[in-house]
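In order, the protein sequences belong to chains C and P. The first sequence begins at 1 in UniProt numbering and counts up one residue at a time. The second sequence begins at 1 in UniProt numbering and counts up one residue at a time.
Hint data in this document are derived by calculation from the structure and do not stem from the laboratory. Note that the structure is a prediction, hence the values are computed from the model and not measured. Heads up, the beta-carbon is just placed ideally off N, CA and C, and yes, glycines get one too. One or more of the hints may lead you astray.
Claimed, not checked - Not close to chain C: a few residues of chain P, all C-beta gaps over 10 Å, as computed:
1) Ile-39
2) Leu-58
3) Val-66
4) Pro-164
5) Gly-215
6) Arg-235
What the hints assert, rightly or not - Chain P regions said to be covered by chain C (calculated; three or more residues, Cβ under 8 Å):
7) 20-27
8) 45-56
9) 75-84
10) 116-127
11) 168-174
Chain residues, written in single-letter form:
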Amino acid sequence: MSPPAILVAILGLVGLWLPLVQFKPNRIAAGDSLTLAAALEAGWPVALGLAAVLILGCLRYWSPRLRIVAAALGIAVLVLSLGAAASQLVGPDNKLARVSPASGFWLMLLAFSLMWADGVTRMRPSLRASWLMLAGALAQVAALLLSGQLADVSVMRELAARQDTFAHEARAHLILAFGSLGLALLAGLPLGIAIYQAPRWRGPVLAVLNVLQTIPSLALFGIMIPILGWIAATLPGAGRLGVSGIGMFPALVALFLYSLLPVVSNTLSGLAGVPATARDAAAGLGMTRAQMMFQILLPLGLPALLAAVRIVLVQNIGLTVIAGLIGGGGFGTFVFQGLNQTAMDLVLLGALPTIALALVSGIVMGLLVDQSRATRGQA
Amino acid sequence: MIGRLLLALAAAFALAFLLSPTSFAVLFQPLTRNGAPAIYTQASLLRLTLFHLGIVALAVLISTAVALALALFVTRPVGREFLPLARTITTIGQTFPPVAVLALAVPVMGFGTGPTLVALILYGLLPVFENALAALTGQPAKVAEAARGMGLTPAQRLWQVDLPLALPLLLAGMRLTAVISLGTATIGSTVAAKTLGEVIIAGLLSSNTAYVVQGGMIVGIIAVLIHAGFQHLERRAARATGQTD
């Protein structure tokens, strides 16, 4: 018996016993909760099949590969059951009824994700295999979403009702998260290099950036509105350059300020971490300062830099949600709209893509960091 | 030295402001428009601050206790098999945005302080766990050997060697958790938690910059103080066990 698999099995079985879906005749009415076995026409065989996979997974001789395949299948069956339960409960003509995933669904999703993670961790995949698995997982998610099987689940109904706004907010979210990262790299890299060359300035610069980081995000976003509004109104030409106290701009500046510390401090530690022998060798070859920077220090400091990009990207994708509160757009718009109307499906519509985006960006950047280390022989 | 002086000044200013906010109205008046009030008076700022600190302290304590227990479990022979999985979960879990975790806690917990506390605890687990794990697994081999050579029982080794050596890194994890929680707790006010976020949100809703600044300022000063306080403790703990770094 494998202890992590036993934990997975317990979580999954509890999930099977808890309600899979919540069924509401309309958005406001109190709902009924149904377990997987009760919600589906062929509920019992499906539930027994999932239970069998969970219990058999406890066997020690299951190979990591088998665990990954079983987990992927389990997730697919679970999600398809959710979609089928929704279709069967609401029927095609009923526009008012809502079926949302309930605690059992989330718990089983957690269980199978853990099974997947357990398999991946045991397999210790090569970089190539990791990329392939990531691509496979993304393809599976895309196939499930595009199959139309989920169309009657409440979140997807919310999505169908506001497809244009969703695309718009998604674009805003990406522009904010990636745009602020780009700006932070443009400003932070030179700043990091500058304080590497001038150690006297390291303390003060990092202290200021540290204090910036401690300002609560909500306040920083809020303060940017009047400050930028004032700049746009008083500095001639600022307005024409896009400076504005409303819309996306304040959020972009706030995110940029938060991103500076990780970029600057990682640039510094990346440069400072280059072995002295490499620097001596470069000096011995008669390299100029600029040559040394671009041919030795920056390439060798690359893993630390990519690690900073990972931190900033994940952090900014999450923080961009708050832009929704100050009218800056992004998925946060749905989250806060949903919280205001106590419409949890709407909250999910904002929260799930944010989590997915952060998760995928974190994994991709993590793999890139590993790759840059491997090609440099620093693994 | 200058740093300490600045910290002391900031602390004194924050304390004076909390005890008698209205005396500082002159300072915030320029930030208001159309004669809006300069100081938030719907609720006592001191009370909100205490609530805010209470939630954060409770969250940090609970997540530290749970994370440390889990870290100890996966580094003992009984739980060894969970170690690699636990590492993966921590790395992935930390990419979950705190705001999203908070929003998702609402359907389960309803509105109020509850979901905020749960989100803070869940999110706070990860930095402490990661650091505790690094500290418990990163010991030099000679330390373990010396402990065995002295004939320490596993329990003695845990209390007299492992935990004291892990303390600096553990405190660093608590520092991360505390600072993140302070900021995230302000967002908790969007789901009706009683924190200083209430002041900031009131400012956002009524376009009163003075509210936004005073709420943010108090949280910011407290965050800087907590950051410095933990760093001080970390250095002391490191010195006490002869770890120079």
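Any hints this thing doesn't respect? Which numbers, in order? 5, 7, 8, 10 and 11
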